[in-house]
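Participant: Each chain, letter by letter, is given below.
2 protein chains.
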Amino acid sequence: MVGIAQVNVYLRVSAVLFYVLTACLVGLDSQTKIIFFVARKATYRDLEAFGILVYVDSAAAVYNLLQLCKGLISARFEGNLKGAYIYISWIGFLLDQLTAYITFAANSAAFEASVLAVTGAEEFQWMKLCNRFTRFCFQMGGALLCGYVASILMALISFISAYNLFSNYSSKRFLRLKKT
Amino acid sequence: MVGIAQVNVYLRVSAVLFYVLTACLVGLDSQTKIIFFVARKATYRDLEAFGILVYVDSAAAVYNLLQLCKGLISARFEGNLKGAYIYISWIGFLLDQLTAYITFAANSAAFEASVLAVTGAEEFQWMKLCNRFTRFCFQMGGALLCGYVASILMALISFISAYNLFSNYSSKRFLRLKKT
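In order, the protein sequence lines correspond to chains A and B.
Residue 1 is where the first sequence starts when you use the working numbering, and the numbers rise one by one after that.
Residue 1 is where the second sequence starts when you use the working numbering, and the numbers rise one by one after that.
Note that these hints are calculated values from the structure, not bench results.
Hints are supplied without guarantee of correctness; some may be wrong.
[What the hints assert, rightly or not] From the structure, some residues in chain A lie toward chain B, with a derived Cβ separation under 7 Å:
1) Ile4
2) Leu47
3) Ala49
4) Tyr101
5) Ser108
6) Glu112
7) Glu123
8) Phe124
Everything numeric in this text was worked out from a predicted model, so none of it was measured.
Beta carbons: idealized from backbone N, C-alpha and C, even for Gly.
Bound conformation, chain A alone:
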């Protein structure tokens, strides 16, 4: 399976780039405006959801880098890892799934917070913010778009790791390894 291993590496590298891009765009987003003679600054720290997104996406980038390193090492010592291969595949599969779900959820939470910043909530007297901090909001929108691209890449990666794991098992009996 050389072809799919290469595709996997490309997907992981792109996912790392998009995660880092998202974290940087959110983390470095700030705008200062003078409102009623008082300078007010909007940063990602104003809403917890943005702070969590920065941490989650950075962690996801680091995790994917570690997986890339693991791929380099295991390609070199492939002969020695045959027995432990299935356990490593299980751990990789579960971590990939977890990363995909958590980054997608963190991104959606930040998206909801951004929607509230754009529309406000009249019933609750939460005012709109994006008519004042326009540039801040556009940068945040770009960041969320990158975050969704990264999440979709991560979902594809988790499909491949599911394939690599489950194709070793029998289709007749559940969780019984194939005879080779």
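Given the coordinates of chain A, assemble chain B onto it according to the supplied hints.
Facilitator: Okay, now just chain B, sitting in the frame of chain A:
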């Protein structure tokens, strides 16, 4: 694979119950309070995220019911479906994954909106709501908990459908069916 098929049915039935429970708890959640001599009512319609959650979770419940019906039909005509089995498995796998991701994301968006209702956002002058609408907030918290349980069940279901699909494929060559 009789054992795992039964587990799958139990998981889907529980997922349907939890999705319906979530949709009902969110949809029927309302509280009226008198604030400064004016009666104000909080319902799920005040925040878009809650409305979306009701629709998404209802759709997920309907989808799982349809899958349960499909399971009943395909069990009866199993002989006739062998050739089309792999395509049906692919569609089922993709829809299961999609449902798992979307309900998880909708739930997380609603969770973020609820966190804002509990904590408020001082910088943006968004005031807290849960110190006034306490019962409303507790019911919403319970609904979100049910929603997360349903999402985790859906993730397990999508694991099983990934297994059912990918265990039919060769572990040596990508997307090549096993010889049987």
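Participant: Confirm or reject each hint.
Facilitator: Tested hints:
no., hint, verdict
1, Ile4, "holds (4 Å)"
2, Leu47, "holds (6 Å)"
3, Ala49, "holds (5 Å)"
4, Tyr101, "holds (6 Å)"
5, Ser108, "holds (4 Å)"
6, Glu112, "holds (4 Å)"
7, Glu123, "holds (4 Å)"
8, Phe124, "holds (6 Å)"
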